[in-house]
Amino acid sequence: MSTIALHDEHNHDHADHGHHKETLISKYIFSMDHKMIAKQFLITGIIMAVIAMGLSILFRIQLAWPDKNFPFLETFLGKWAEGGRIKSDFYLALVTIHGTIMVFFVLTAGLSGTFSNLLIPLQIGARDMASPFLNMLSYWFFFTACVVMMGSFFIQTGPASGGWTVYPPLSIIETAIPGSGLGMTMWLISMILFVASSLMGGINYVSTILNMRTKGMDLWKMPLTIWAFFLTAILGILSFPVLVAGVVLMIFDRSFGTSFYLSDIVMGTNILPNEGGSPILWQHLFWFLGHPEVYIVIMPALGISSEVISVNSRKPIFGYHAMVYSLIGITVLSFIVWGHHMFVTGMNPLLGGVFMITTLIIAVPSAVKTFNYLATLWRGNIRFTPAMLFAIGLVSFFISGGLTGIFLGNASLDINLHDTYFVVAHFHLVMGSAAIFGMLAGVYHWYPKMFGRMMNAKLGYLHFWLTFIAAYLVFFPLHFLGLDGVPRRYYAFTEFEFMKKWLTVNVFVTWAAIMAALAQVAFLFNFFYSIYKGKKAPQNPWESNTLEWTAPVEHLHGNWPGEIPTVYRWPYDYSKPGHDADFIPQTVPFSQTMSSNLPHDFEGNEEAEKIQQDWEIANPVTENKG
Amino acid sequence: MVLSMEKTQDIFDPKPKKFIVWLFVVSSTIMFGGFTSYYLVFAASKGKGHGLVLPDAFIYSTLLIIASSVTLTLASRALRKLNFSLQRKMLWLTIILAFGFGFMQFVAWGSMVKTGATMVGNNAAISFIYVVPLMHLFHIIAGLGFITSSLVGSYKNITLAKNKFRMEITSIFWHFIDILWIYLYVFLLLNR
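Those protein sequences? They're chains A and B, same order as listed. So the first sequence is residues 1 to 626, counted in the working numbering. So the second sequence is residues 627 to 818, counted in the working numbering.
Hints may contain errors.
Only pairs whose alpha carbons sit at most 25 Å apart, straight line, appear in this in silico DSS-like list of lysine-lysine [stated by the list, open to error]: (1) B/Lys-643 with A/Lys-215; (2) A/Lys-39 with A/Lys-458; (3) B/Lys-641 with A/Lys-221; (4) A/Lys-610 with A/Lys-27; (5) B/Lys-790 with B/Lys-644; (6) B/Lys-740 with B/Lys-674; (7) B/Lys-788 with B/Lys-715; (8) A/Lys-221 with B/Lys-643; (9) B/Lys-740 with B/Lys-641; (10) B/Lys-740 with B/Lys-644; (11) A/Lys-536 with A/Lys-576; (12) A/Lys-458 with A/Lys-535; (13) A/Lys-215 with B/Lys-644; (14) A/Lys-215 with A/Lys-576; (15) B/Lys-641 with A/Lys-215; (16) B/Lys-643 with A/Lys-27; (17) A/Lys-535 with A/Lys-39; (18) B/Lys-782 with B/Lys-643; (19) A/Lys-39 with B/Lys-643; (20) A/Lys-458 with A/Lys-533; (21) B/Lys-715 with B/Lys-790.
A few chain A residues that don't get close to chain B, going by computed Cβ distances all over 10 Å [as the list claims (entries may be wrong)]: (22) Pro-71; (23) Val-368; (24) Pro-538; (25) Ala-608.
Derived by calculation from the structure, the hints in this document are not laboratory data. Glycine residues also receive a C-beta, built at the ideal position from the N, C-alpha and C atoms.
Next up, chain A with everything else stripped away, as it sits in the complex (with noise of 0.2 Å):
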């Protein structure tokens, strides 16, 4: 079935074949090499949520056990924990930092940049990326981005404390609260190096795949996933430079004096001379990228999931244009739903209104996707995989964190929920966990092609459970603090009356998140333990369509020896009627499979259609298929 054709008459040398010298430091530290590049975003990412889970872990202490001492804390922390508790501002700082480089770093760098990277050239059947220097300089721009906000934690003041969303005036005036100093400028060099590094991803993905898919790839043969990343890159092109420009105005106000966000704002005794600024314009700027942002985060995900639920349902999946239309509609939506961050703001309750329907309009196409992923389910011969139960558990936590989206996107009810826990649970569980859980099913499913090795299964459904579990065990119970009014964002609970008794409901989130703390460390060893001890991998170990599949197991530049295989059918062609196995891998043409093909296969080619007929006279279907 092979269609990779070795052309030998090609083999005389070229002068010019530089790159034939790999180098330890060109091989696996300046890699121009998109499945290098893959490697070192997936791996960075990783480490970022491992800092990123453990930021979570104290201050979940704190919320549980507000007037306890841990004297582990100050040997780690020292004096922002003195007497073994953590200090309010520290708390603050763990909480903006935290939310920071789970969004950023991990769910958008670590998601995007390492399946993007790793499956657009593969899926699409290219050589690399449109520019691999290019792409290089997104990982390096990404790791800085990662050195200096990890840095601020190594500075007196301490990083950034004003929340991911750096809301002026705290984050502007640099007096404010010790995280408004040095480590809020970090934070900004860290973000527009992030940005940097988003754009020269996204840019390259997009550019690689308009221009560069194999022979036979038309846009409507792509694997969802290629349509996610796609779209994804095109979210982040259109809103990231508006993040940039409103960050400039940003750096402007905190460090040359102007007032783009401040007005009327008195320091103790000192009233300040900025005047003229709104804050809120700052939310609007933010908001702009902020909401298509956790589309970024989110749609990589659901792509990945769409892939992984077909292969291991072993059934097409179901609806795949009503798929790509869904993410095309979520990617439009995602750029005019930003109010719904700021009802709250003394917004004119006509544009509220007109946000509130925009954004509610989401559901539907969040809608469409979701039945898809059932019915794709639906009566399949599901193969249970580490990564297909990820998968799953994407669609679960997707559905549950959507439907208190609905909630959150009225108005009115909004003015209720706003800023309290609800909001926190809504977004861990939809876009926190969903994406996490796209994320993790896409590494143990393309964990052979990464590494050329299987992950061990065992662990990852001891993984998958225990995370799976927890996960809902933290975030179900913070809907019922949210209902009851506790904001986010509170360093201890004991201070308030009414929110006292949710303390114990503290201590009993706080030993799930724990619980799903410990869970990642069979992660971590089944993940860096089969690297080099895993069983060795098969071509095809999942008995998948798409072109990754055809690629040696050994990587090599380029990706496939001799030419870049051609494309004849679309990725879903599993357990099609009449053909002998229950997968047709995209490179065979249909003249291999003319037991199977159906008539819409050839798109009204009526020569085609002419030649199937014939063949189906000249071979009648005798057995009785039942």
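Given the structure of chain A, go ahead and fit chain B onto it with the hints provided.
Relative to chain A, chain B alone:
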């Protein structure tokens, strides 16, 4: 086997890379769209714009950058006719005009400072006239990088295909920042 694969790889295909430059143009447009929408919302909510008569130096800088686009077009045309020395002359001229543009921007800011319309003040719309053209000036510096790479390529006698490719991306980028400046200038003229 590995060598045969690299054969196909070595064919220089400028299309995807040119597309990258276009996408950069798109994202940069969005950034300036972000700035100008800040200005529009600010002006609408405060009921005032910058309220200035813009300094004449901005007119001169606009003329200079338009002239630089013309010389760059002439450089491309010279390359098409394989007249490399004219190409280099025109590229040098473009660089000089670009420096003239930058100089005029500073002259304009200087005359604004003299009239009291300083960057730091109680009207963010006036600060805008400093900050956003400054961001545009950073694009000019990047554009100078492109022009320099074309110029170096032309002096080093790189292959014609690569020389043309460098000229093309330089042209895309330079004409873009030219149009971008005209947009910003007209925007500031219209939104007092």
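Comparing the hints with the structure gives:
1. B/Lys-643 with A/Lys-215: holds, 19 Å
2. A/Lys-39 with A/Lys-458: holds, 23 Å
3. B/Lys-641 with A/Lys-221: Between B/Lys-641 and A/Lys-221 the Cα gap is close to 22 Å, so the pair holds against 25 Å.
4. A/Lys-610 with A/Lys-27: violated, 51 Å
5. B/Lys-790 with B/Lys-644: holds, 11 Å
6. B/Lys-740 with B/Lys-674: Holds, at roughly 22 Å.
7. B/Lys-788 with B/Lys-715: Status holds; Cα separation ~19 Å.
8. A/Lys-221 with B/Lys-643: Roughly 24 Å separates the two Cα atoms, so the pair holds.
9. B/Lys-740 with B/Lys-641: violated, 49 Å
10. B/Lys-740 with B/Lys-644: violated, 43 Å
11. A/Lys-536 with A/Lys-576: Violated, because 29 Å separates the two Cα atoms, which is more than 25 Å.
12. A/Lys-458 with A/Lys-535: holds, 13 Å
13. A/Lys-215 with B/Lys-644: holds, 21 Å
14. A/Lys-215 with A/Lys-576: Given pair A/Lys-215, A/Lys-576 holds - Cα atoms ~24 Å apart, limit 25 Å.
15. B/Lys-641 with A/Lys-215: holds, 16 Å
16. B/Lys-643 with A/Lys-27: holds, 23 Å
17. A/Lys-535 with A/Lys-39: Holds, because 19 Å separates the two Cα atoms, which is no more than 25 Å.
18. B/Lys-782 with B/Lys-643: Measuring from Cα to Cα gives roughly 21 Å; hence the hint holds.
19. A/Lys-39 with B/Lys-643: With a Cα-Cα distance of about 24 Å, the restraint between A/Lys-39 and B/Lys-643 holds, given a limit of 25 Å.
20. A/Lys-458 with A/Lys-533: Satisfied, since the Cα-Cα distance of roughly 15 Å is no more than 25 Å.
21. B/Lys-715 with B/Lys-790: holds, 16 Å
22. Pro-71: Check passes; 49 Å lies beyond 10 Å.
23. Val-368: At about 28 Å from chain B, A/Val-368 clears the 10 Å cut-off, so the statement holds.
24. Pro-538: The assertion about A/Pro-538 holds, with a minimum of 21 Å to chain B.
25. Ala-608: holds, 28 Å
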